[in-house]
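*Asks:* The lines below spell out each chain.
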Amino acid sequence: MTQQPIGATPKKEGTALKVRKKPRRTIFLQMRKNYSSYLFLMPKLLLFILFVAIPVVWAFVLSFQEYKVFGSEFVGIDNYIKVFESEAFRIALKNTLLFTVVTVPFSVISALVIASMIFVLGKLSQSFFRSAFYLPTVTSMVIIAMVWRWMYNYEFGLFNYVLGWFGIEPLNWLGQSSSALWALIIMQCLIPFGVGIIMYLASMGSISESLYEAARIDGASTFKQWLYITVPLLKPTTLYLVLLSTIGSFQVFTQIIMMTGGGPGSATETLVHLIYKTGFRDFEFGFAAAQSVVLFVIILIFSIIQFRVLRHDE
Amino acid sequence: MLSIASLGLAASVLAACSDDTKEVGTADEFKGKITVWDGPRWPDKDENKFHWLEAKIKEYEDAHEGVEIELVQVPWAEMGDKLGVAIAGKSWPDIAPVDISGSAVSIDHIEQGVVEPLDDYFDKEAKADFYENALDAYTYDGKMYGIPNSITLHSMLLNLDLFAEAGVTPPEGGEWTYEEFLDAAKKLTFDRDGDGKIDVYGFSTYIMPGYYEAWPFFYKNGGSPLNEDMTEFTFDTPEVVQAIQDLADLKLKEKVAPETHGGNDVGGTFQAWANEEQRTVAMQPWATWAIGAAQGKYPTNFAVANYPTGESEKPTTIGGVGGWVMFHQGEDANKKAAVADFMKFISTTEEQYHMAQNYGIFPARVSAAEMDPFKDNPEMTRAMEMSDQVVMLPRHPEWRKIDEAIQTQLQLVFNGEKSAEDAMADAKKAVDELLK
Numbered sequence: 100m101t102q103q104p105i106g107a108t109p110k111k112e113g114t115a116l117k118v119r120k121k122p123r124r125t126i127f128l129q130m131r132k133n134y135s136s137y138l139f140l141m142p143k144l145l146l147f148i149l150f151v152a153i154p155v156v157w158a159f160v161l162s163f164q165e166y167k168v169f170g171s172e173f174v175g176i177d178n179y180i181k182v183f184e185s186e187a188f189r190i191a192l193k194n195t196l197l198f199t200v201v202t203v204p205f206s207v208i209s210a211l212v213i214a215s216m217i218f219v220l221g222k223l224s225q226s227f228f229r230s231a232f233y234l235p236t237v238t239s240m241v242i243i244a245m246v247w248r249w250m251y252n253y254e255f256g257l258f259n260y261v262l263g264w265f266g267i268e269p270l271n272w273l274g275q276s277s278s279a280l281w282a283l284i285i286m287q288c289l290i291p292f293g294v295g296i297i298m299y300l301a302s303m304g305s306i307s308e309s310l311y312e313a314a315r316i317d318g319a320s321t322f323k324q325w326l327y328i329t330v331p332l333l334k335p336t337t338l339y340l341v342l343l344s345t346i347g348s349f350q351v352f353t354q355i356i357m358m359t360g361g362g363p364g365s366a367t368e369t370l371v372h373l374i375y376k377t378g379f380r381d382f383e384f385g386f387a388a389a390q391s392v393v394l395f396v397i398i399l400i401f402s403i404i405q406f407r408v409l410r411h412d413e
Numbered sequence: 032m033l034s035i036a037s038l039g040l041a042a043s044v045l046a047a048c049s050d051d052t053k054e055v056g057t058a059d060e061f062k063g064k065i066t067v068w069d070g071p072r073w074p075d076k077d078e079n080k081f082h083w084l085e086a087k088i089k090e091y092e093d094a095h096e097g098v099e100i101e102l103v104q105v106p107w108a109e110m111g112d113k114l115g116v117a118i119a120g121k122s123w124p125d126i127a128p129v130d131i132s133g134s135a136v137s138i139d140h141i142e143q144g145v146v147e148p149l150d151d152y153f154d155k156e157a158k159a160d161f162y163e164n165a166l167d168a169y170t171y172d173g174k175m176y177g178i179p180n181s182i183t184l185h186s187m188l189l190n191l192d193l194f195a196e197a198g199v200t201p202p203e204g205g206e207w208t209y210e211e212f213l214d215a216a217k218k219l220t221f222d223r224d225g226d227g228k229i230d231v232y233g234f235s236t237y238i239m240p241g242y243y244e245a246w247p248f249f250y251k252n253g254g255s256p257l258n259e260d261m262t263e264f265t266f267d268t269p270e271v272v273q274a275i276q277d278l279a280d281l282k283l284k285e286k287v288a289p290e291t292h293g294g295n296d297v298g299g300t301f302q303a304w305a306n307e308e309q310r311t312v313a314m315q316p317w318a319t320w321a322i323g324a325a326q327g328k329y330p331t332n333f334a335v336a337n338y339p340t341g342e343s344e345k346p347t348t349i350g351g352v353g354g355w356v357m358f359h360q361g362e363d364a365n366k367k368a369a370v371a372d373f374m375k376f377i378s379t380t381e382e383q384y385h386m387a388q389n390y391g392i393f394p395a396r397v398s399a400a401e402m403d404p405f406k407d408n409p410e411m412t413r414a415m416e417m418s419d420q421v422v423m424l425p426r427h428p429e430w431r432k433i434d435e436a437i438q439t440q441l442q443l444v445f446n447g448e449k450s451a452e453d454a455m456a457d458a459k460k461a462v463d464e465l466l467k
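Here the protein sequences come in this chain order: A and B. For any residue, its number in the working numbering is found by taking its place in the first sequence, counting from 1, and adding 99. For any residue, its number in the working numbering is found by taking its place in the second sequence, counting from 1, and adding 31.
What the hints contain is simulated information worked out from the structure, not anything from laboratory work. Quick reminder that beta carbons are idealized off the backbone N, C-alpha and C, glycines included. Check before you lean on any hint, since a few could be wrong.
Claimed, not checked - With a Cα cut of at most 20 Å, we get these calculated DMTMM-like pairs of lysine to aspartate or glutamate:
no., chain 1, residue 1, chain 2, residue 2
1, B, Lys467, A, Glu165
2, B, Lys460, A, Glu186
3, B, Lys345, B, Asp419
To be verified - From the derived model, a few chain A residues whose C-beta atoms are all more than 10 Å from chain B:
no., residue
4, Gln129
5, Lys181
6, Thr236
As the list claims (entries may be wrong) - Take a look, some chain B residues computed to stay more than 12 Å from chain A by CB distance:
no., residue
7, Asn164
8, Met175
9, Asp224
10, Ser255
11, Asp267
12, Glu285
Generate coordinates for the entire structure from the input sequences, incorporating the hints supplied.
*Replies:* Written out as structure tokens, the structure reads:
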């Protein structure tokens, strides 16, 4: 059967198809009709244009220039060629990928497990743990990094103190190439993913109790109920959290600048730290902009892949 | 003492004499606002670390009706980043305290016209009062791009209490060879409480891009990072490689330095030497600010010594010069003259003498040094005697990248992942690429 356009009259034999014109509803009219909504949106929209959209477009334009204070020069794709030839960029990309690949699954899975454990508690206990796990989210990463730097201190840090209980020699956690990046990964994994826990808790509350009742009648254990009902129904939340934490991990910066400066050598150099150095230490803003655009594309590709793999099947 | 008005007049007259064809303006005719950035200096009784410049600004404003000077207080740690962003956005201040070869303002910026030359406001006689190396640090392509304000250098600081505890005699006159230094470091490494763990180490320092406390050790046998015409990396010569390995071996082989030796913890390293509750390291190299800290906030019984000598038999240290820079001023010649006038007003002999006494830096003016600002401060006097040992770092437009290429390799030597020879061979590849 041939599909007909919406609003079209049935085609008669020997006559041309007549499409009934929809009432002219221009964007302007629609905006006029919903003007109050647009007014409410306006402040945020203006801020978004000013502080996000324009800088993003400007960064893209800048990536084709050699930035000079008085009159930049157009250099075509030279900055992009430099990015792909850069050994420093390759190392930073490798480190960032390792950081992301380990921390994202760990953060999301641990958030799911913690949220599941909190969800079964009473209201008061739930509120307490909700606040406790969300606290690191509202604490500055600078403060967290300083505390962790102390915990990794060779002479009087907590980690080496604990190792000492087991007779293990202290480790120079942040001072050795072999351990520095892993120390940062461990830190990231052990900081509770507060947003994830809160979102999982909210989503769990919306799962119908009747599903669990049916499973219980069928003899499903608590673990099986969690595995076959809770986890699948939280898939949209999981997708959102994976995307959110992947983007965050690709942009890891504060820990690096506060704890290692990218060293020793290039052991903890990451993409955003490299972009920062290129822009604000070397003043190569065009090159830094090209690195940013490449990072944007990498995150976009990862996001699309994750979206396709994890999207909620209708 | 020069009066404020005479400084203004002098600026205008000098300007008028310097170039007939170019309008250089008159400071006294300017009415408007001048913006100055500065970092915290020494505190007054209310712990205000900006009181010196605030008082100078008030004095200048009172003498120049219609001139308003805005002081923007910027922590020193953020000065480089903030200036970098300000330069990128063309929103720089009129005056800021920066080193033109430093992290915020580079030779590249001078070439782009971000920094104003000051030759119109300084004749030969006025320039003659500055130490030659201080003036050189602010001179590029024959032009003067800032007023030198202070000279700093690095020296060895020895904790005399720990020397006494270990029964070690400090080097006579602060002069010693590397062998004598190593011998002292071995004796100063000891287990105080007999629990089998070392409580005090002889020496430690740190390695980080932009910091040069360890570098005079690398010069002990001669050598420098780049050749004279700055076309080739030369920190890979056998004598430099040996010097680097020697310093790393203080931890790796001699065990007279803690595991953190060669790390990147600046604050932690200083605390280990200066903090009364720690004092776990007997000798560390620091810039002159640390002398002030050890005499003030962290009272320590200490002595200042040269860096130990090696095959070259010449003590060496790395120096730095600080000063005031004028940023691009546009077409207003009167404002430019007024900005220069204020810069001179805060850089007089008296001000440099005052700052040397209170802020623990050496004056860049010969006349200020001749006033003997450290006559009651034997440690600063000793450090000042090291001025003739100073070598300056190469002034290459790509120095920040060159420095990083070298220092990141040095970090790997100090944590035992590479030999000095391999590390410098790898640094050479990166640096020679930058020098092309």
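*Asks:* The structure should be examined with respect to each hint, and the outcome stated for every one.
*Replies:* Going through the hints against the structure:
1. Lys467/B to Glu165/A: holds (18 Å)
2. Lys460/B to Glu186/A: The hint holds at about 12 Å.
3. Lys345/B to Asp419/B: Between Lys345/B and Asp419/B the Cα gap is close to 11 Å, so the pair holds against 20 Å.
4. Gln129: Holds, since 38 Å exceeds 10 Å.
5. Lys181: holds (12 Å)
6. Thr236: For Thr236/A, whose nearest Cβ neighbour in chain B is about 26 Å away, the distance exceeds 10 Å, so it holds.
7. Asn164: holds (26 Å)
8. Met175: holds (21 Å)
9. Asp224: holds (15 Å)
10. Ser255: Per Cβ check, Ser255/B is outside 12 Å of chain A; nearest 23 Å; holds.
11. Asp267: Its Cβ never comes within 12 Å of chain A, the nearest being 17 Å, so this holds.
12. Glu285: About 18 Å separates Glu285/B from the closest Cβ of chain A, which puts it past 12 Å; holds.
The earlier numbered hints are all upheld by this structure, with none contradicted.
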